[in-house]
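A.B. asks: If you read the protein sequences in the order shown, they are chains A, B, C and D. With the numbering used here, letter number 263 in the first sequence gets 263, and the count goes up by one each step, no holes. With the numbering used here, letter number 150 in the second sequence gets 150, and the count goes up by one each step, no holes. With the numbering used here, letter number 363 in the third sequence gets 363, and the count goes up by one each step, no holes. With the numbering used here, letter number 274 in the fourth sequence gets 274, and the count goes up by one each step, no holes.
Be aware that one or more of the hints could be misleading.
Which copy? The list can't say, so a pair holds if one copy fits it or any two copies do.
[To be verified] Straight-line Cα separation of at most 20 Å, EDC-like style, residue types lysine to aspartate or glutamate; simulated pairs:
#1 125 to 331
#2 383 to 135
#3 458 to 355
#4 125 to 459
#5 125 to 189
#6 383 to 404
#7 4 to 19
#8 4 to 272
#9 383 to 95
#10 453 to 178
#11 125 to 72
#12 4 to 327
#13 383 to 56
None of these hints come from the bench; they were simulated from the model.
There are 4 protein chains.
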Amino acid sequence: MKNKMWGGRFSGQTDELMERFNASFGFDRRLYAADIRGSITYAAGLARARLITEEEAQQLADGLRQVLAEFEAGTFAAQLGDEDIHTAVERRLGEIVGPVAGKLHTGRSRNDQAATDVRLYLLDKIADLARHLHDVQRVITVQAESLMGLVMPGYTHLQQAQPILFSHWLMSFFWMLERDRERLRQLRERVSILPLGSGALAGHSLGIDCDFLARELGFRAVSENSLDGVGDRDHLAEFLAWAAILQVHLSRMAEDLIIWSTREFGFVELDDAYSTGSSLMPQKKNPDSLELVRGKTGRIVGNLTALLTVMKGLPSTYNKDLQEDKEPLFDTIDTLEMVLPIVAGVVGSLQVNSDRLRSALDDGMLATDLADYLVRRGVPFRKAHYLVGQVVRQALERGVALRELPFSVFTAISEHFAEDVYQVFDFDRSVRARSSRGGTAEEAVREQVQRAKEALAKE
Amino acid sequence: MKNKMWGGRFSGQTDELMERFNASFGFDRRLYAADIRGSITYAAGLARARLITEEEAQQLADGLRQVLAEFEAGTFAAQLGDEDIHTAVERRLGEIVGPVAGKLHTGRSRNDQAATDVRLYLLDKIADLARHLHDVQRVITVQAESLMGLVMPGYTHLQQAQPILFSHWLMSFFWMLERDRERLRQLRERVSILPLGSGALAGHSLGIDCDFLARELGFRAVSENSLDGVGDRDHLAEFLAWAAILQVHLSRMAEDLIIWSTREFGFVELDDAYSTGSSLMPQKKNPDSLELVRGKTGRIVGNLTALLTVMKGLPSTYNKDLQEDKEPLFDTIDTLEMVLPIVAGVVGSLQVNSDRLRSALDDGMLATDLADYLVRRGVPFRKAHYLVGQVVRQALERGVALRELPFSVFTAISEHFAEDVYQVFDFDRSVRARSSRGGTAEEAVREQVQRAKEALAKE
Amino acid sequence: MKNKMWGGRFSGQTDELMERFNASFGFDRRLYAADIRGSITYAAGLARARLITEEEAQQLADGLRQVLAEFEAGTFAAQLGDEDIHTAVERRLGEIVGPVAGKLHTGRSRNDQAATDVRLYLLDKIADLARHLHDVQRVITVQAESLMGLVMPGYTHLQQAQPILFSHWLMSFFWMLERDRERLRQLRERVSILPLGSGALAGHSLGIDCDFLARELGFRAVSENSLDGVGDRDHLAEFLAWAAILQVHLSRMAEDLIIWSTREFGFVELDDAYSTGSSLMPQKKNPDSLELVRGKTGRIVGNLTALLTVMKGLPSTYNKDLQEDKEPLFDTIDTLEMVLPIVAGVVGSLQVNSDRLRSALDDGMLATDLADYLVRRGVPFRKAHYLVGQVVRQALERGVALRELPFSVFTAISEHFAEDVYQVFDFDRSVRARSSRGGTAEEAVREQVQRAKEALAKE
Amino acid sequence: MKNKMWGGRFSGQTDELMERFNASFGFDRRLYAADIRGSITYAAGLARARLITEEEAQQLADGLRQVLAEFEAGTFAAQLGDEDIHTAVERRLGEIVGPVAGKLHTGRSRNDQAATDVRLYLLDKIADLARHLHDVQRVITVQAESLMGLVMPGYTHLQQAQPILFSHWLMSFFWMLERDRERLRQLRERVSILPLGSGALAGHSLGIDCDFLARELGFRAVSENSLDGVGDRDHLAEFLAWAAILQVHLSRMAEDLIIWSTREFGFVELDDAYSTGSSLMPQKKNPDSLELVRGKTGRIVGNLTALLTVMKGLPSTYNKDLQEDKEPLFDTIDTLEMVLPIVAGVVGSLQVNSDRLRSALDDGMLATDLADYLVRRGVPFRKAHYLVGQVVRQALERGVALRELPFSVFTAISEHFAEDVYQVFDFDRSVRARSSRGGTAEEAVREQVQRAKEALAKE
């Protein structure tokens, strides 16, 4: 109790289990660098406001740097009473610099301090994640270029639909991730708001210059309302929602590749580096990396749900429930810092079996082109669709490919079919024809890649 | 089966229950205006590409407008085979204009059509919601100004913490909603991307000018990748996450006001217009409006979870699972279109009991000011905190207010206390002192209101 | 206002939007039969307690039966002031029987009434769902028997693992659903608790015999605590969690079948009755039924999240937030009443392509048997696993099946291989060998089916 | 790679980040005791099936016990290649006993091994949690008895509703927890199913007696289907759903007590042992323990969502995604092992301020009794409700308590009011009158306590 920051008013002892239940040092210790950086700046702010002398500010800064060094060297010795990173740092600082340490918390509450620390930490991590995301996008672009021209079945409902380029499929994920990157840039601006100076809830009365603090710490602005500053966590919810959407994107890429790496599809093979085997079955090569990428979506969606559930119906300003904001955040960051490089590695080392892609192409996928053929001969599309449906049925019943149907079958179904109908049965031509913006023709995909590179170059 | 859009290839009948299971007309009929607007523009696009004549385009447009009129007059007669809004409109169009109706779907799939419809619909709704949000913010600002100066207890952990202005509390929600409004503006730009032209998945080959379609329909850009265009729903997930965060904000305001309208707090009373009674207990006046606002958070978080769960691990492009995107979206929109005006009404008509606010103020809330008093006399804050804790304990043990403690108690605890210590016991002074940006002093809150008005005036 | 149940104390009017926001009649009207059944019994209870005469009870019962008839004939005319089903029924009852209607609510609150109605309704629905579940299980059993003996690749990580029987796969879902059915039976007992008599929250003082009410309404017991009776909803959360787990089971079956019905796998084909086509691509036959089954998991998980979020941190007893319990419940019931018969239909009409199952079998799946071969010759399993891994690698490098490797390759890898090693390459033998309880041998699967039938016969 | 269990087939190296991404040893090491216990029994099973000799079984058992001892002494030295607890134990066992260690995994896969370990672990933890739950219930019962007779306001919508006993409120949570305990008992039976013998997915062919294994390990039965045995996790989802419901119950108790411990309510005060202070505000005493209890609901609901999301749409049998089942499970167990004792501590040491409870009682809460008074005089309840509403309004308008209204006011409203109406204004009488089963009368609450004790004594 003695070393508690808040012990004066209490007569009873804290229950021992309660100490553990209450403590956050186990998980918020990772905030040490942010906490110390914030405190050094805060000490400068106190000096500017003449609440402490320049010498005291210097003493505090030196002491804090020593604490930082201990954390970084792994020599920081935690003590039983260290409730959280803030308490731990201040306790240690006191041991180093003596009573002047007691001046550091002037006008500051753990409410605004913790909120500041998490924002500082997250700003750093957002920069890392943006880099990782950029890497994945870059790898996609490189692969899309190097694999350009490979035709494969495009699927809807997991049924063969129309032929597409493998690179077109790759690039579809580029654009999903590009939106993710844009969202990240925008939410970053909302993280970059300084709550320090909000005190416990009501602001402070000591003349500390918060604009100075913001500038020094790299925040773009100061919080407009102290109650909001200490009590809201919407920037964290937004970050977790961002992560959930990103993970959904990656889980879908994983799903495709897992299915395509089955023996039955055989379109791709993961590099050994991203596969594992079985403890029982010697022949197994499993796409564990991608399964984990897909599975990790669960924890991220769970983290988002967790925070929203915590926040729902909470009285305004700070409540201890908010301590539950950190673990979902940290777990999400840690997860993405693994997932993104893994995805980059998997995509970058992916082996694509072009023969299997080609041999999987079924004439049925040209039925739409066949309908377009009729449309160009004046048949209304809806009718053309129906007629081609009849053609498909004939082929199914005879157990042959569309191109193997005798001409008489075509003419029996519609007088608009001419001998040149067989020219439709050309997958490359079908792909080539879809050359409009966003289409699967090589020309259009190359344009996509070009725009993608420009987007990547911007940052 | 006959009137199915896709019947040609099938020999068996659809199971009757399957028809109902598959059908979305029950909930997607609300897209009628968007669907028809999209189709009129699409017909113009077909004519530009010379796939139909100008006359045919005109016929289609006229017919579509008639269908629209029927929907708006409530005379549209649904039929059993109407799977979805797209099928229903095309079926009815055919009845009106004859075989030319069959040309409308040329080069278009329900995949890109439905994706376009939902975006058009959502863009409209975003505009409505932005207005409703603006209203709530305006009402908050008006109340904050008209109630300016009322001092009340500020709470953390629902325990009295420091005195604040009621208007400061009100304004804290302004800024939360302001971030919500900013997020909405930003996500709107991601909704405003046209997927029409993506076809089923691979783009189209018919020379339709998608930039023309985008311009006519008010989209800011065309989708960069057709697979992404038909298969991704991240803009909906983002919208639902946005709504969940907004609801969390409102649920917290509701929680505060529900607690404050208890007999025990008695700070506020809801207008009769937003309260209801009990079927059994004649004396009851319940804050049902706010309880529902709080409770609705559940469904919105649920809707978000629903969509993320649907999307997780889905193969890329369109899968029928995506039909499950609409109900969570519509339910969220409907809910917010009720919740926001209700909140505006509740806040705008709220009766605040200033006597109760004032009489609730406890001297304990001035303990921080007491510590600041010592700090100004050179006591390190941490020590000051401890000493004031002793003062508080004395008061608790004697069962008196801080200001009622004899001077001897103060001096026994610290020599730094002088007679002027009693000047600290002034709630107004305490509030006044917190005049930094975002603080609770009237001066600072008036600045907040000023900035708030500027933010509102921008749009 | 006049026709409100609770108007006496109020002077102001309810806001019109608030009326709509507050009203639940739109969704709770489906409780009409439960509500009326409860009220008829309650009237009998009032008469037993001599709070009304037998004649009055008869009048009330007759009137209520008339209201019921109106609901069932679709002639019940809702009015603007009908807040909820309880108000609507009582209002209409008053029109039919006059002032005596005003005696029905004696000692009863909408809090205990609504809680009772939902339980009555849910008990009915649980019986329906148990039947539907039983049907799915029965169909699985029938198919498992009729398809007995078909060997197919068994997968882990979606990679071929070991040969199994198709019927073994089918039966794996039987046991998942059997646990679901067991859970449903158990939770039913927790739904079957009567809260009527709890009044608004504190119980009643009028001598009504709640054991009589419970007996008449078919509840197994009376609530032990009135606060709990009106305020808890854990039986609904439990039901929604039950539904989520059931849906997860069905989504996994759907996933398997969707993958197996691709052209590339070609193991199964859905009946036309459970498939749909494409508006654009004439050749398409999509497994929409199963995609929807999989997708519906989202809404059920969302409904569960919604209710848990509503309940979290709610003050005890009744709060209006609890009105939000009904829509997730109803939506879940409606969904399952569609999903279960659809699954039964899909499984019952599934076409299995035994040739494709057989031809998909790869020798790699016998690698474990090969290791077992070495184990029986005294090689420790871990070593055997490693040696067989070498064999597999040889086959991969040579691009041949395991059985095509020359004997010299085997002996080069281990001296324990003898000529009889080629006998291992027999899929049927591999399946036959796994005859332990729960194994894939036909003998073991037939035992499963036998136990399954016994389980089904029990109810 | 060398020390991988599955290396034989692979030629490439695993990526270093992939090693970390794939590894589960960091969190599944806590399964060591379960894993080793399972392996010792498995070795005995291998010996019974004559796959190893009795001596070998003994060697393995001795070696395994040594590994166990190392874990318990904290001397187990993890190595880089230790993917998971199973690999780590087998690796170390090999170091201790030599090549015979390679025989332990005969016929076993990590799929069935891991599934078994988690079940063994969970069975232990369920026993612990049941004990903790029992403790909380016992403390509630003790407090309910010792505080018997204290009258307080009962609330609905957080508005005063009817007077109740504090002990009645306490007991309402007993019954919620009693259902939780019942659910736990039932789900335990579903955890107690042995999947060992399922092998990788297809069962085993080596004649191991699974009934023996089940008996030795304390499982009530053997899994009926090997695919289900290795691939389903519904028992974990059920456990997490159970925990979420339990947490919802506790969060509601926490909410009540947090509100009641405000200065404004002042009904209860938490013991210092379960409170903390503020780093800034010396007067603060915050109910952190309860806020954390409430907040922890978020993580538990998040954990449930996480697992359901992971499972949704997963191909059947084992997929690596399932590795994500453990952390939500462990986190949930760890959380509850803290939360339950904390709740027991808070409730057991709660200080109840009976004067504040009594002085908070408002006459309005007797309005229902007033209506009952009229009902007993023959006024239909609905009319009585309306008339009493008028009485309440008179009191509100005059700003007096109901009992302070002059008799003339009563008679002006209804001729049925007689002088004895003032006897209604007696809170104790009101409470006493609600003596039916589950009601708030002391007599009824004492019966509750009696039944509660019987329920607790059963186990």
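A.B. asks: Of the numbered hints stated earlier in the document, which are not met by this structure?
C.D. replies: Numbers 2, 3, 6 and 12 - these are the hints that the structure violates, sorted from lowest upward.
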